[in-house]
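With chain A's structure known, arrange chain B on it following the hints.
Top to bottom, those sequences are chains A and B. First residue of the first sequence? That's 18 in our numbering, and the numbers climb one at a time after it. First residue of the second sequence? That's 18 in our numbering, and the numbers climb one at a time after it.
Check each hint, because a few of them may be wrong.
For chains that are exact copies, the list does not tell them apart, and a pair is met inside one copy or across any two.
Straight-line C-alpha distance at most 30 angstroms; calculated DSSO-like pairs for lysine-lysine [as the list claims (entries may be wrong)]:
| no. | residue 1 | residue 2 |
| --- | --- | --- |
| 1 | K282 | K161 |
| 2 | K215 | K490 |
| 3 | K490 | K351 |
| 4 | K329 | K161 |
The set of hints was computed from the structure by calculation and includes no laboratory data. None of these values were measured; they are calculated from a predicted model.
Number of protein chains: 2
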Amino acid sequence: MIHRREIRPLLQHPPTGETVTVMGWVRAWRGNRFMVLGDGSGPETLQIVVNGEDFDEDTIRAIGFHACVGVTGELVASQGSGQSVEVIAKEITVFGGTDLSTYPLQAKSQTMEFLRDNAQFRMRTNTMAAVFRLRHALAFAVNKYFNDRNFYYLHTPIITGNDAEGAGEMFRVTTLDPHDPPRTEEGTVDYGQDFFGKGTHLTVSGQLQAEIGALAMGKVYTFGPTFRAENSHTTRHLSEFWMIEPEIAFADIDNDMDLAEDFLKYLINHCLDNYRADLEFLDERIQQSEKNLKADLRRPMGLIEMLEFTVKDDFARITYTEAIDLIQRSKPYKKKKFEFPVEWGTDLQAEHERWLVEKHFKKPVIVRDYPKDFKAFYMRLNDDNKTVAAMDILFPFIGEMVGGSQREEREDVLRQRMQEMDVHEDALAWYLQLRTFGGCPHAGFGLGFERMVMFVTGMGNIRDVIPFPRAPKSADF
Amino acid sequence: MIHRREIRPLLQHPPTGETVTVMGWVRAWRGNRFMVLGDGSGPETLQIVVNGEDFDEDTIRAIGFHACVGVTGELVASQGSGQSVEVIAKEITVFGGTDLSTYPLQAKSQTMEFLRDNAQFRMRTNTMAAVFRLRHALAFAVNKYFNDRNFYYLHTPIITGNDAEGAGEMFRVTTLDPHDPPRTEEGTVDYGQDFFGKGTHLTVSGQLQAEIGALAMGKVYTFGPTFRAENSHTTRHLSEFWMIEPEIAFADIDNDMDLAEDFLKYLINHCLDNYRADLEFLDERIQQSEKNLKADLRRPMGLIEMLEFTVKDDFARITYTEAIDLIQRSKPYKKKKFEFPVEWGTDLQAEHERWLVEKHFKKPVIVRDYPKDFKAFYMRLNDDNKTVAAMDILFPFIGEMVGGSQREEREDVLRQRMQEMDVHEDALAWYLQLRTFGGCPHAGFGLGFERMVMFVTGMGNIRDVIPFPRAPKSADF
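Just chain A, same shape as in the assembly (with noise of 0.2 angstroms):
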């Protein structure tokens, strides 16, 4: 059995001069005297005093950046400042140490696309680090808002059949002979011998299935991995990623922009008051890279100042028709300095969506009732015939971060709409059916989670907040 202290709660020990054992990863070494441990419970380092003449020179030489070693000693108060206590060396075990000549990493930075290349590495690292750690305090915050509240966590499936959403171009999944698979009579792929008796692919949302869960358990949520299989070789996409998509049974499109507001406060909230050290590091390290920015470049606030300004106001919340209005009358649409036209019935561009979140409102906007005609089938029409009752929230820096709509509960209303959107009744007769059968008002939204790791970390590439990210051409690990 190892017994071993972790780093961040014995920090806040008083230096009682008690003989401790910790175990961690070189962070630094200076001068063949003062040790620098990180153990990863934390950004905290623990700094070790060797005295060098009480230990044999192998060990010694042994102890370099990112070697990962044992040490028992003596806690007592630091002289030097910034930590409380500091350990006095009396044994070390040297676990396994980096030859530098070849280990990948090195003490000075290396740029994100190596590290990512090196992603068994990247954890390492001071930045990577926190930003795993940010995104693990952003998914606990998820499931604890939601049991909190008496939302049940339900797991959609993955692999899935249903063809009908349209949401995104698809992975397909077989367990068919690819070189020489099964044909029908007429000559095509035969999925019916395929390990499902069918085509199937992975899932691009939750949300219908959801709807079966809200529509019987009252509120529930997914958290899972979705997928698109789309040529994009962005800072924005992945082709797997996590989403987060509650249903409510019993709301509307107002209860529905209320819960998306509170909860996305609550995730926020819950990085400021728990991981402070983790988002001082990420906001100093943006300060760092932007220096040599011009000012008109560089962020308008830093990272703590921006998450503390999101939850400290009321999101801005307009309508679609009011968003056309007033881009209309904007300085840059007066300009001409838009790229893409503005009229009611086109949908908002990322230009549209940055002027309307940094320059107008400085702040989140919620914009609702959008004109039916990009929007899904299955959202609730609303009495004007035109619009639907659907809302995005947008973010500085990152556009869109949550997509929700009421759904459309009455039968016939959603029947037209799926004749109209072109989608086959077929496939979704089950989903029509949860209109038959003792239905209600209902709503739900999606949240990208990388969308919001991405918002509370400051990085500026979706593949730096996903441990393994997939991408075209790109599926190492």
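Then chain B, alone, in the frame of chain A:
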């Protein structure tokens, strides 16, 4: 905006006579006067007293089994037994009726098979709602246990280009044209032109990637879907299931066993402490269903009794060698009642595991130090050179609940084990590098989440503890 009170908390309120609005589904409708309403917030229901003369005939007629109804009325002390409060209806809104001549569910109970085929409605039944509330309870407990102990939640990849682990048959993920895929000059399918630039599959385990996390952040866990493309039609196997895999640095097999036992007990205690009413319902259900069975086919204990029994005592801990010895000295062995042979070097079969757990120790059993020949390449070789530091935790009814091991941290030993077991080094160069640079003793285990849900709910078929089961020839919804 819709305002309603949830039933579970409302039942704790004093009968103040205040006007409240509740919404839910009709569980029973007695004598056109007493409506039993549930909203999924818990297993509890609220009695609504409906004075027929206060409502029009259409409303009264629309109230029926599983109709979705909103009621505004006066919260008063209950006249009957069971509940403390009831509501005298003043207004009733029927959101969605259920025409009982066509509604698939009926007030009398249906078979589990029928409910599986009608999964759009099965969560509306008392049994399945209780199961899925407990599934939620266990999922939340998983996250809370690890969060409170400074583990970080790691999302390991679902789509993987890693095909080296060999834990089972895999599903292929592709976007190639299935009718006429691109071919290489040799005529084989050209995966270089596939979405990820190579052949990819759905993950069978996140363990190897979790080791990356542990060797940087100290303690991590995964909790996500995993897949097996095996043609199993049993009540214990799914093609898609959720798995929990903690991985800890600075840990040996003893730390690993302690963590697993403590974790399993925590999960069970969380349900006993917070979901008593659901457990009581399921306990009663099992007793009813076993009423007509012969005594020796019934469970030896009630559900809650068994859960309490599991958490109160230490698990038995024995080596594989001791297990073989115990079985060879057992009555059923001597009387040749076991179907499979028992000798050192062969794996334990379910019948042997059941004897150990249910007959001999009468509690969960941890078996450790299995022969290396039928265990995975990454398990740490013991000093005897014959066994590895692996452990399985065996539970009554379920069999193997947890499988774990200390990982081989010695690069030379690991490399030799890979060669012996025909695991290609090239594909796992990054895994070997975790040993070359900054490695240390580490360990972890895997818990099949659905097996735990089966144990806690007492359900006999794994397809009834996941909302949308995937199995050969079955991927509906």
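Each hint, compared with the structure:
1. K282 to K161: both (13 angstroms within a copy, 21 angstroms between copies)
2. K215 to K490: Answer is both; intra-copy 27 angstroms and inter-copy 8 angstroms each pass.
3. K490 to K351: Neither, since 42 angstroms and 59 angstroms both go past 30 angstroms.
4. K329 to K161: Both, since 21 angstroms and 27 angstroms are each at most 30 angstroms.
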